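Student: So you can see what is in the structure, the chains are spelled out below.
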Amino acid sequence: MRPVELMTHTTPEPARLQSRAGAVAAAAGPGLIRTHNVVKRYLVGGTEVRALDGVTLTIHEGELVAITGSSGSGKSTLMNILGCLDSPDSGDYFIAGEDVSKLKSDQLARIRNRRIGFVFQSFNLLPRLSSVENVELPLLYAGRHHAAAKAREALEIVGLGDRLDHEPNQLSGGQRQRVAIARAIVTDPAIILADEPTGNLDSRSGDEILKLFETLHQQGRTILIVTHDPDIAAFCPREINMRDGKVLRDGAPAAGLTAHGGD
Amino acid sequence: MLFWTTIKLALRSLAANKLRTLLTMLGMIIGVGSVITMLALGHGMQQQVLSNISAMGKNLLAVHPKWTGTNGVINATRENLTVGDARALLRDVPQIRRVTPVLGQREQVTYLNKNTNCEVVGCATTLLVVRNYTIAKGRMFNHFETRLESHVAVLGPETAYDLFGVLNPIGQTINIAGNQFEVIGILKSKGSRGWFNPDNQILIPYTTGMDQIFGRFYLDHIDMQMAGKANVEKVLNECISVLRRRHHLLFGDPSDFHIFSQEQLLQTVSRVTETLTLFLGAVAGISLLVGGIGIMNIMLVTVTERTREIGVRKAIGACNSDILRQFMLEAVLVSVLGGALGAAMGVALSHFIHFQKFVAQVQTSNVVIAMSIAAGIGIFFGYYPAWRAAQLNPIEALRYE
Ligand SMILES: Nc1ncnc2c1ncn2[C@@H]1O[C@H](COP(=O)(O)OP(=O)(O)O)[C@@H](O)[C@H]1O
Ligand SMILES: [Mg+2]
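Those sequence lines, one after another, are chains D and S. In terms of the working numbering, the first sequence opens at residue 1096 and continues consecutively. In terms of the working numbering, the second sequence opens at residue 803 and continues consecutively.
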């Protein structure tokens, strides 16, 4: 399987170089998020694994996008790169026209702080900090003032105005994920990245979280949700389906193909 | 991140693990506490010895016969110091202002039916000034009384109390080794402790002592007072050459006497006690070092335990320096809080020891130094764990179980 894969995707180097200048210009063009030919490789036991193998994407402001694909298809790797937790081995990545693919770790931390909001499958709230303290943390790292007031506002938005001083272990799973979402939106980021946000929740809490994402989407926020649940994918206007580190299909969700007339 | 927020978060994570924090602090508490106590003990000891030496007199020099002996066992003291030597020193060494011959021994002393055994010291009038004594009541004997071998005595306050209780001893007659003496004065208490109790002695003219009580003419020592601004080294050398000439010593012969200078003694003793104090402090300082290693150990465990937290913090925008600062601050807080508690304990312990017959003096500068060292240890031993935390890869940290 792997040798075949490697051969099929080996583009001749001169051709890549020639097209590069034009491609960069295209990637820097309109669109909140643009990637061009993003490659991420891992060496596993001496063999090269291409977790991402030439991903080119454009995501516009205000979109709600599902990223689907089987396990190991590269969804999390893509999220890490889009979320500036990791840099691509090659290819370009622009957020609102700014090239972020070659930044150093502290510059990446700054981008994560100001432009990205993360929602994790396992919530990742800090224990022993209250909801407000968890939510104000990104603002504190940004050195912003009135952090507590803004955190309270964000918690109101996710419907937890009455759980401000609860610590994570005093909250249900769904409530914890709401706190995490409040933490993701409190800095007013360009994009919210959610990696299987309902994976650890029962179906009712999961539905509530999805509704919350829809509300945020209607308020004009840009949201990417990684999922392997077709129902969730169907719920989003756009689905990016991945396989073996490549975008297999990009358009309206598969479940809604007939209704929307294909891509 | 804002400074106070960082402190608040650090304090909170210390409070979240109270027992562990306390155990970590224990190393610093014991370290700082013992350093302060040891330095206080050393300093107290030094001050006491120095004040004992200072109480002996002002600009004091003392000539003693050299001890003879083999293998450190004293066989006999030489009988070679005479009143003539004392006179010659006063006459021939210009910087010597006062001289007194001293000879004495323990004698049975009685007053009516009371009796006591104390040191009877034969000396000149000048002893009072040379040895820094003060008369509390009555007067010291004068030169005429010395020349006339008068039977007059000046009592130390304890001796006076032993013989007379609350009665007034002045003008009373006491019996020293079968001779009648009139009490003419009482010394003021010096209260200094040690090998010799100046409050329990009787001073009599040395002439009377030689002829009537002791029956000998050799002196135990000659005490001298130098001029205030004299060069000790120079005066010593002059005294030595005067005495060598009088003792008919040839070039190359060893001297048959010793001259002690109070100033040199003070210097030697303060050097020795300072070294001893430093040594005590250094031994205690080892526990500070062990405390520092304890902090490093716990911080490494903490960093491993909180890998995921570090990942989350980095994901939401913490820079490496934010993480570094957070864990450094925790280490420094532990060491400084431990240091403060240790300082309190050290001061308390020093006071406790002070009331147990020892002298322990806490110096503020030592407290400040010990606490600064504690903070320094926190910084030094906290740096590596904090650096490890700061260098963690956010993706791997987030995936850490
Ligand atoms: N740190 C890593 N080291 C080695 N291989 C990795 C690493 N991270 C991801 N991979 C590999 O990259 C591929 C894509 O992984 P991932 O993005 O986690 O997939 P998904 O999230 O879609 O399940 C997998 O084959 C995985 O084994
Ligand atoms: Mg995944």
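Since the hints were derived computationally from the structure, they do not count as laboratory data. None of these values were measured; they are calculated from a predicted model. Hints are not guaranteed to be accurate.
[Unchecked claim] On the chain D side, residues computed to face chain S include the following (Cβ under 7 Å): (1) Tyr1137; (2) Leu1180; (3) Asp1181; (4) Ser1182; (5) Asp1184; (6) Lys1197; (7) Leu1198; (8) Ala1204; (9) Arg1207; (10) Asn1208; (11) Leu1307; (12) Leu1311; (13) Gly1315.
[Stated by the list, open to error] Distance ranges between label pairs, derived from CB positions: (14) Ser1200(D) x His1156(S): 35 to 43 Å; (15) Glu1203(S) x Ala1329(D): 50 to 58 Å; (16) Lys1197(D) x Val1092(S): 56 to 64 Å; (17) Ser1123(S) x Gln1216(D): 53 to 61 Å; (18) Gly1141(D) x Ile1088(S): 32 to 40 Å; (19) Asp1302(D) x Glu1203(S): 24 to 32 Å; (20) Gly1346(D) x Glu1107(S): 23 to 31 Å; (21) Thr1166(S) x Ala1191(D): 41 to 49 Å; (22) Asp1297(D) x Glu1203(S): 34 to 42 Å; (23) Leu1343(D) x Ala1177(S): 54 to 62 Å; (24) Gly1141(D) x Leu1102(S): 48 to 56 Å; (25) Ser1123(S) x Ser1166(D): 49 to 57 Å.
[To be verified] A few chain D positions that, by computed beta-carbon distances, are all more than 10 Å from chain S: (26) Asn1175; (27) Gly1178; (28) Thr1282.
A virtual CB, placed ideally from N, CA and C, is assigned to each residue, including glycine.
Student: Look at each hint and say if it fits the structure.
Tutor: Do the hints match the structure? See the list:
The restraint placing Tyr1137(D) at the interface with chain S is violated, with a minimum CB-CB distance near 12 Å, outside the 7 Å limit. The closest approach between the C-beta of Leu1180(D) and any C-beta of chain S is roughly 5 Å, which is under the 7 Å cut-off, so the hint is satisfied. For Asp1181(D), the suggested interface contact is upheld, since its CB lies about 6 Å from the closest CB of chain S, less than 7 Å. For the restraint placing Ser1182(D) at the interface with chain S, the shortest Cβ-Cβ distance is roughly 11 Å, beyond the 7 Å limit, so the hint is violated.
At about 14 Å, the closest approach between the beta carbon of Asp1184(D) and any beta carbon in chain S exceeds 7 Å, and the interface hint on this residue is violated. This hint is violated: Lys1197(D) has a C-beta 17 Å from the nearest C-beta of chain S, more than the 7 Å allowed. For Leu1198(D), the suggested interface contact is broken, since its CB lies about 12 Å from the closest CB of chain S, more than 7 Å. Annotation: interface hint on Ala1204(D) holds; nearest CB of chain S at approximately 5 Å, less than 7 Å.
The restraint placing Arg1207(D) at the interface with chain S holds, with a minimum CB-CB distance near 5 Å, inside the 7 Å limit. With a cut of 7 Å, the hint placing Asn1208(D) at the interface with chain S holds, because the nearest CB-to-CB distance is about 2 Å. Checking Leu1307(D) against chain S by beta carbon gives a least distance of about 19 Å; that is not within 7 Å, so the hint is violated. Because the beta carbon of Leu1311(D) sits about 18 Å from the nearest beta carbon in chain S, more than 7 Å, this interface hint is broken.
Nearest Cβ of chain S to the Cβ of Gly1315(D): about 22 Å, over the 7 Å cut. The hint is violated. In this structure the hint that Ser1200(D) and His1156(S) lie 35 to 43 Å apart at CB is violated, the actual value being about 56 Å. Glu1203(S) and Ala1329(D) have their C-beta atoms about 32 Å apart, which leaves the hinted 50 to 58 Å range violated. Here the CB-CB span from Lys1197(D) to Val1092(S) is close to 47 Å, at odds with the stated 56 to 64 Å.
Evaluation of the 53 to 61 Å hint for Ser1123(S) and Gln1216(D) yields a failure: the beta carbon distance comes to about 29 Å. The beta-carbon spacing between Gly1141(D) and Ile1088(S), approximately 50 Å, falls outside the hinted interval of 32 to 40 Å. Restraint check, Asp1302(D) to Glu1203(S): a C-beta distance of roughly 28 Å satisfies the suggested window 24 to 32 Å. Take Gly1346(D) and Glu1107(S): their Cβ atoms lie about 45 Å apart, and the range 23 to 31 Å is violated.
Between Thr1166(S) and Ala1191(D) the Cβ separation comes to about 59 Å, which falls outside the hinted range of 41 to 49 Å. Separation of Asp1297(D) from Glu1203(S) is about 23 Å and departs from the stated range, judged on CB atoms against 34 to 42 Å. Separated by about 59 Å at the C-beta atoms, Leu1343(D) and Ala1177(S) satisfy the suggested range of 54 to 62 Å. For Gly1141(D) and Leu1102(S), the hinted distance range of 48 to 56 Å is not satisfied, since their beta carbons lie about 32 Å from each other.
Checked against the given bound of 49 to 57 Å, the beta carbons of Ser1123(S) and Ser1166(D), roughly 37 Å apart, lie outside it. Residue placement check: Asn1175(D) does not keep its beta carbon more than 10 Å from all beta carbons of chain S (closest about 6 Å). At roughly 7 Å, the least C-beta separation between Gly1178(D) and chain S is not larger than 10 Å, which violates its mark as non-interface. The claim that Thr1282(D) is not at the interface with chain S is violated, since a C-beta of that chain comes within 10 Å of its own (minimum 8 Å).
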